[in-house]
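Visitor: Keeping their order, the protein sequence lines are chains A and B. UniProt numbering puts the first residue of the first sequence at 1, with every later residue one more than the last. UniProt numbering puts the first residue of the second sequence at 1, with every later residue one more than the last.
Do not rely on the hints blindly, as some may be mistaken.
Straight-line Cα separation of at most 25 Å, DMTMM-like style, residue types lysine to aspartate or glutamate; simulated pairs [what the hints assert, rightly or not]:
#1 B:K354 / A:E118
#2 B:K354 / A:E187
#3 B:K337 / A:E98
Sample of chain B residues lacking proximity to chain A, with all beta carbon distances greater than 12 Å (derived) [as the list claims (entries may be wrong)]:
#4 N4
#5 I8
#6 E130
#7 S284
#8 Q351
#9 K573
#10 E656
#11 F701
#12 K746
Stretches of chain A that chain B covers, calculated by requiring three or more beta carbons in the stretch to come under 8 Å of a beta carbon on chain B [claimed, not checked]:
#13 47–58
#14 68–82
#15 120–132
Think of the hints as simulated: they come from the structure by calculation, not from any bench. The beta carbon of each residue, even a glycine, is placed where N, CA and C say it ideally should be.
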Amino acid sequence: MLLQLNHIYKWVKQGGKRVFLLNDISLQVKEGEFISIMGPSGSGKSTLLNVIGMLDEFQEGEYDFLDESVHTLKEKHRSKLYKEYIGFVFQAYHLIDELTVYENIETPLLYKNIKSAERKALVADMLDRFNIVGKKDLFPAQLSGGQQQLVGIARALIAKPKLILADEPTGNLNSKQGEEIMRLFKELNQEGVTIIQATHSESNAEYGNRIINLLDGSKVKA
Amino acid sequence: MLRNYIKIAWRNILRYKTNSVLNILGLAIGLVSVMLIALYIQNELSYDTQFDQAERIYRVNMKGKMGDNSFYAGYTPPPAGDALVDQFPEIESATRIYQPDNTKLAYEDAANPKVFNESEILAVDPNFLEVLSYPLQKGDPTTCLQEPNSIVITPQIAQKYFGDINPLGKTLAYGDGKKSLQVTGVFEDLTQYPASVKFDALMPVANFNDVTYFNWSWVWLNMATYVKLTPQASTHPASLTRLQSRFPEMLKVQAAPAFERIGQPFEEFLEKGNYWKLYLQPLSDIHLYSQGITSSITEQHDVKSLYILGIIALFIVILACVNFMNLSTVQSVKRSKEIGIRKVLGSQRKQLIKQFMTEVLCYTFFATILAFIMILLILPVFNGLTGKDLHIQAFFDGNLILLIVGIIVFTILLAGIYPAFFLTSFNPIRALKGKAAKTTKSSFIRNGLVVFQFFIAITLIICTLVVFSQLQYTQQKDLGFGKDRVLVINNAESLGSSALSFKKELIALAGVDEASSSSGMLTRGEFGDFYTPKPTADEPNITTDISLSSYLVDDAFIETLGLEVKVGRGFDKRFKDSLSVILNETAAAQIGWKNPIGKQIRYPGGNMEYYTVVGVLKDFNLESLHTPIQPFALFAEESQSYDTRTSFISLKISGEHTERLINQVQDLWKSYSENTPFEYSFLDEDLAYAYQEDQRLASLFTVFTILAIFVACLGLFGLIAFTAQQRTKEIGVRKVLGASISSIVKLLAINFLKLVVLALILSVPVAWFAMDNWLQDFAYRIDIPIWAFLAAGALALAIALLTVSFQAIKVAIANPVKSLRTD
Ligand SMILES: Nc1ncnc2c1ncn2[C@@H]1O[C@H](COP(=O)(O)OP(=O)(O)OP(=O)(O)O)[C@@H](O)[C@H]1O
Ligand SMILES: [Mg+2]
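Construct all of the structure, not just a fragment, from the sequences and the given hints.
Guide: This is the structure we're talking about:
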């Protein structure tokens with residue numbers, strides 16, 4: 001078992017009333033799964049991914065990640081945990097504009113205190129793998145959307161995470177670019193990386209081996 | 001990691017150019033101000049500390065009270081030094097300084113003889129250089145002043161008289177008597193030597209008969225005495241106090257005969273509530289902590305001005321830091337996305353804080369380099385302003401470099417910590433959405449910082465205005481005499497008996513209205529001694545001893561100086577005035593005479609003769625408005641009441657063709673006194689010189705105030721630029737909906753103007769308090785003018801408005817379509 005959510009509730013107060021963003025979510029994810037979260041806009045997909053990625057708090061429920069109970073961990077410990085095991089891919093890529101492709105990919109390694117020589121080797125491998133060696137000295141603004149997302153994925157993978165959380169990774173891409181990214185995910189999944197993606201697209205969801213449907217913060221049967 | 005941080009910092013500096021320029025420039029100006037002020041203060045603090053065993057050296061000061069007059073003086077009677085060494089084993093040695101009036105030196109051996117008036121020649125005891133170790137380049141400090149006919153000179157004097165010839169053994173002629181003095185030593189270059197006693201040449205005090213003559217006197221206060229204590233006595237404050245507590249006993253014994261001789265038995269003198277005391281002042285205190293202690297031998301500044309400058313420097317640095325904080329936090333919207341990503345990628349807050357501190361470090365690094373370049377350019381100007389000779393090298397020796405490093409670290413912490421903690425506090429999800437900075441808390445802090453900056457700027461403006469109006473006032477106040485169009489010729493004593501015909505010839509010149517000779521002159525010091533007014537039947541209850549300063553003058557003096565005779569008459573050829581005296585109102589009032597005319601005062605310091613009061617003068621200031629009016633008298637020249645050996649000739653001139661007139665006077669002078677250089681000055685300029693220190697402080701004040709305002713404006717400029725940019729879209733929409741440019745400028749400006757007004761309200765009481773305090777130093781002072789506050793407020797508003805408008809108009813006139821398209 002990679003992670004397990006038990007009766008997670010997340011709400012915000014609005015005008016004195018609770019508005020539930022996540023409503024009694026329970027979920028078990030085994031290592032090597034490829035899960036697609038689907039649902040209409042505003043249904044809570046991003047919120048759920050953020051909770052799983054430990055970027056966001058929740059009010060009630062339990063969350064175990066690799067046998068650690070996340071809900072009881074201190075911020076510092078939590079960040080160590082996700083730094084070690086989780087990679088993020090965003091719809092808007094979220095590359096650092098001031099850094100080159102090479103430096104963007106390298107950044108997570110810096111935060112893991114990996115030696116310079118090893119960093120070089122790892123980044124070089126990654127550039128190689130995604131065929132972007134020629135682009136390594138360019139800045140994000142000089143890349144196409146698809147290329148930026150490739151860099152985003154390379155960056156998510158560089159620290160060899162067990163889990164990749166992808167929030168509409170193809171949302172800003174045309175269908176051909178989107179397909180390429182999904183095939184890449186499939187490949188990664190076959191190599192053993194667990195993937196959870198949020199998506200609107202049925203066809204993208206098909207790449208996964210399990211689909212979770214959300215509506216107003218609750219899981220619904222498909 | 002560090003390399004990565006620096007790389008990002010560098011790219012950010014390049015990317016946000018306006019912001020970077022504002023930050024770096026602001027910090028650099030802050031640093032320049034601190035560095036300049038630190039140099040200045042260091043120089044002031046270093047006075048008299050470089051002498052060997054300086055901590056064992058003290059000046060013997062005198063405090064006395066005679067009737068209603070009390071004083072502190074850096075002078076002692078001539079025998080005090082020897083008596084102290086004699087009586088107290090704790091006092092190892094004593095040395096004295098006497099400031100002769102005559103400063104004329106001549107080199108007569110050369111083919112073309114050279115004669116100059118030097119600005120400062122001091123007479124000292126033979127052991128002077130053993131106590132105060134001024135460094136010699138040539139000569140032996142222990143022997144070079146042993147022979148009375150020796151003189152030790154500065155390299156500048158050597159160059160002036162002897163050129164490149166070795167001056168040792170050469171002969172200089174001193175004074176009007178052309179006394180031959182042999183050069184026995186040459187000092188190192190002393191122009192930068194921070195000592196409170198400055199001179200061009202030293203010669204033994206044995207050359208001066210008046211000193212020898214007054215060797216018995218315990219009331220003739222014309223010599224400065226310095227003593228060196230044993231290490232034991234000087235290191236224990238308690239033993240120092242004990243030592244000084246034994247001085248009164250000694251004085252009682254030593255001074256008694258002298259007081260007896262001037263008709264003032266010492267015991268009786270003390271019983272009347274008077275006192276006459278010696279005390280020790282540490283050498284290192286003389287330059288800065290001698291307010292109210294009279295001395296024309298030492299250069300005495302007010303330590304208060306150092307505090308003021310220090311505070312201003314601190315303010316400017318804080319202003320620059322505040323700019324930095326402001327500009328960084330407003331940038332947080334732009335930076336929040338990066339911060340969010342980094343957090344998601346696993347950065348801990350600590351690491352982000354480090355990253356931001358590295359950025360601050362980079363800014364500070366560039367600012368420091370810029371500051372040093374600016375200092376190199378500015379230092380000559382600053383030296384002109386302060387009358388000092390400061391060098392940038394001074395940073396690298398001593399503690400100054402530590403101080404500067406300390407200030408830089410302080411800057412980094414102050415400027416960096418708030419933004420670093422603020423920017424990294426966001427939740428990554430919110431940060432990624434770019435929503436981080438729009439919290440009310442941060443805008444509250446930002447507004448607070450703007451108010452703070454303007455508070456400081458406005459306070460400084462008000463203070464500067466008040467300082468200037470006080471100076472204006474002191475220089476324009478009716479001093480009780482006509483200071484304009486009075487030409488004063490020095491060295492008239494060299495004319496001897498021909499002075500009379502010289503005056504006659506001067507009067508005959510076109511453009512000369514009056515000509516007068518006198519033993520003293522306003523701003524140049526006066527003769528002072530004790531007199532005993534004589535009670536009469538009609539006014540029996542008067543003060544029977546008074547100290548009077550006085551001049552010996554001819555009958556034209558009152559006319560020439562434009563003094564006003566209140567009662568009685570001035571000196572007049574038709575009367576025999578050799579036993580007449582003219583008092584000022586203060587003197588008459590202090591004695592207690594209602595009808596002074598015809599009353600008499602006796603002069604115990606002379607031949608016990610009586611002088612009859614023939615007139616009373618309206619009070620006038622002898623020195624500057626720093627000093628209150630003292631009892632003063634005029635005696636007639638022919639009284640020869642005392643011998644001062646100085647003489648001035650003053651001319652009241654019409655003020656037309658002054659240049660030509662001066663040439664004529666000079667020619668005439670040459671025909672009378674071939675060997676004495678012609679030296680003249682205008683009385684109003686001499687008076688201005690008395691305010692030089694104030695003037696200097698005022699200019700320093702102004703310079704740094706302008707810098708402070710500039711830095712504050714940089715910050716405001718950055719803030720408004722940012723706000724305008726942030727609201728580009730809103731402004732675009734408003735314009736499309738038909739808003740006018742002026743309404744948009746108003747929209748952007750109104751908020752900032754409110755802040756400036758708030759700052760103004762806060763600064764009024766603070767500036768009031770500070771200036772009220774400062775003005776207490778002046779004997780004659782202005783009321784704090786209301787207009788200074790109004791002007792400062794108007795100025796600050798105008799500056800703010802200008803800064804704001806520039807940005808606001810730029811945004812307002814931009815094409816709305818374009819601004820809508822940009823994100
Ligand atoms: N901080 C917040 N305060 C209040 N409501 C919030 C907050 N964050 C998210 N929401 C609400 O929570 C709901 C779920 O948002 P979420 O971003 O998870 O939806 P989503 O399923 O990812 O939608 P989309 O497909 O459009 O990305 C939305 O209705 C949103 O308005
Ligand atoms: Mg979403």
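Visitor: Of the hints given before, which are not true for this structure?
Guide: Numbers 2, 4, 5, 8, 15, in rising order.
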